[in-house]
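Visitor: Protein sequences, first through last, are from chains A and B. In this text, residue positions in the first sequence follow my numbering: the first is 8, and each later residue adds one. In this text, residue positions in the second sequence follow my numbering: the first is 451, and each later residue adds one.
Calculated directly from the structure, the hints in this document are not laboratory data. The structure presented is a predicted model; accordingly, all values stated were derived computationally and were not measured. The beta-carbon is built from N, C-alpha and C at its ideal position, and this holds for glycine as well. You may find that some hints are simply not true.
[Said to hold, decoys possible] Stretch by stretch, here's where chain B covers chain A in the computed footprint (C-beta under 8 Å, at least three residues):
| # | stretch |
| --- | --- |
| 1 | 91-103 |
| 2 | 111-122 |
| 3 | 196-204 |
[What the hints assert, rightly or not] Each computed DSS-like pair below joins lysine-lysine, with the alpha-carbon atoms no more than 30 Å apart:
| # | chain 1 | residue 1 | chain 2 | residue 2 |
| --- | --- | --- | --- | --- |
| 4 | B | Lys781 | B | Lys820 |
| 5 | A | Lys174 | A | Lys79 |
| 6 | B | Lys781 | B | Lys899 |
| 7 | B | Lys663 | B | Lys476 |
| 8 | B | Lys820 | A | Lys79 |
| 9 | B | Lys820 | A | Lys174 |
| 10 | A | Lys79 | B | Lys663 |
[Said to hold, decoys possible] To give a feel for the contact side, a few chain A residues facing chain B, derived at Cβ under 7 Å:
| # | residue |
| --- | --- |
| 11 | Gly60 |
| 12 | Pro62 |
| 13 | Arg88 |
| 14 | Arg188 |
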Amino acid sequence: MRVLVAEDEPNLAARIAARLTAAGFAVDVVHDGRQAHFLGDTEGYDAVVLDLGLPQQDGLSVLEQWRASGHKVPVLVLTARSRWHEKLAGFNAGADDYLVKPFEMEEVVVRLRALIRRSTGHATSTLQCGPLRLDVNAALFELNQEPLELTAQEHRILSYLMHHQGKVVSRTELAEHVYDRDSERDSNVIDVLISRIRRKVGASLIATVRGRGFMLSDGAASSDS
Amino acid sequence: MPSIESPRSGALISPAAMQKRVTSLKARLVLAALAWVAVAIPIGGGGLALSFRDTLADSFDERLTSLLGILMGSAEIAPSGDIVLARPLGDPRFEQVYSGWYWSISHDQRNALRSRSLWDQELAAQAAPVSATPRLRSVQDALGKRLRVAEQTVDLPGIAVPVTFAIAGDLATLETDARDFNRLLWLSLIALGGGLVLAILAQVSFGLRPLRKVTANIEQVRVGTAQTLQTTGTRELDTLVEEINTLLDQNRRTLDRARANAADLAHALKTPLSVIRSAMSQDNRDDLVQVLAMQRIIDRHLARAASAGPRRGVLTPVQPVIAALVRGMSKIHSERSLTFDVRIEDEARFAGDAEDLEEMLGNLLDNACKWARSRVAVTARLRQHRLEIEIEDDGPGMSREQQALGIERGQRFDESTPGTGLGLAIVSDLAALYEGAFLMGSSPLGGVKAQLQLPAPA
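Make the full structure from the sequences, and use the hints.
Guide: This is the structure:
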């Protein structure tokens, strides 16, 4: 799962990024509205943390432009303005949730996980696929009721597949949502990671769709969505 | 502004008493004008009547004098030495008995000749010296008629003593003429007065039309259908209109600036506060409590600073505000799949600022959503010129003590549902600012009923 953090106060941005990375997200950080707009437009994010008081282009207009051009990425708005008038303005511009400063770092993680889960069409906070189960709030996998040990990268890949289960996910899509901007992306690494995950959860859960990518399903579902 | 000043000079009522009783400018102008019409018309009419009566009397005397001349011209001395009338006076009234019109010619205290109308009476001639002009006097004859007498004593050739010629006319003729004239005069004066009153009404109404326009305009601004006053094209009023417009504009800009300042201050304070809070370890409870207290103080005071408070001429329809809030709530509380039961009267409007209404209802709705199990009900209606909004939930409800705490001290009732107390404190502050009421009670749905009573358009 990959998120964009757009916050102009560098100290706060770094703290948010650190907390999100610790929670298993791939994180890109920008400090102004124009960069935020550009990255949000060109990269594939699972969610965006957007401060409204950004320099160069304010968060509200960034958000409006994304929504106008059809971007549906879930956006968590950060604002120092606690009046409902400003919160409503955020929602009208297309925000999915908001946090008023100052906030608990943990709150950002919880809200983002809920936003991503909802945006991929899951109503409950636990996702199930055969014997595999993901508690979204705690970000913990269980296989047959036993905790599943995964590395950070494996975790990201599996949770992306889990959120998009039943759909074919290409290697580039996976790479885009698993690595931040500064990491080197090598789609061979994806194959290596997938085979490691298969060893842990059983090969039958993740199917390779030739020439297109991978699909997580409990086997009973059809091979195409 | 001379055009709308009340002309008090002509008023019969003293200005102080008039101010007490007459509050309408139009009524004052009309009353003042009526007062001088009521004084001027009788004075003018009385003067005219008097001077006409004088003229009538003069012309009556002149007629008598000229008849006297004719009488003297017709008198001749007969060869017998008696005075005879060469030809009779034309007027038949001298032939009618006791008609009031008489003539007589006398000398040596005896009547030589007299008109037939005198019959058995005599015109009491006054002995007087010979004169070149006739004497005029008023007498009452034996029958009670008031007569006007013109007489002249002259020397006639052939008669040794001076001869007195007298002509009398009935003054009743004069009175009849005067009465006829007066009747006509007063009728025309009454018509003139009526015409003047109508003209005054028209003039006042025409003169005050720009003022009426401004008044209607001000009402539009008050109810919120207009932002500024339109100029009337009247020099005296337009200065005022421009002044009011400047004030309205200043008012708006001051508020916008205050809000922008409050928002900037919020941003400036809260971002560093976020950093401090995130740097603070969870086990350092004491420091965290201080930071939370700071945050609450900032929020509450900024909420007050940013609120517009009661202003004239601002009206906010309730329906769109609640619709926008419910949309927002559905996103914020999307986990909960809450049902919103919204019932708002079409004419429900808040006599105040939209952002302040959003702030109050936002906090209450958010609170209701946090506690509700599945339903939140919103009703808004007008009751006795007050806007009454109720927000209910089917959650666990609160005890009376909790309700009082929540409103008065901004404390949290439940640490697991953050920010509850602060929101209610802000609602309470704002409701007080608008001289409204904020009550918390129990809802038939099972949870809390928050009730707001706010000013509605008059």
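Visitor: Hint by hint, note whether the structure agrees.
Guide: Now for the hints, and whether the structure bears them out:
no., hint, verdict
1, 91-103, "holds (count 9)"
2, 111-122, "holds (count 3)"
3, 196-204, "violated (count 0)"
4, B/Lys781 <-> B/Lys820, "holds, 13 Å"
5, A/Lys174 <-> A/Lys79, "holds, 18 Å"
6, B/Lys781 <-> B/Lys899, "holds, 22 Å"
7, B/Lys663 <-> B/Lys476, "holds, 14 Å"
8, B/Lys820 <-> A/Lys79, "holds, 26 Å"
9, B/Lys820 <-> A/Lys174, "violated, 35 Å"
10, A/Lys79 <-> B/Lys663, "violated, 52 Å"
11, Gly60, "holds, 5 Å"
12, Pro62, "violated, 12 Å"
13, Arg88, "holds, 5 Å"
14, Arg188, "violated, 23 Å"
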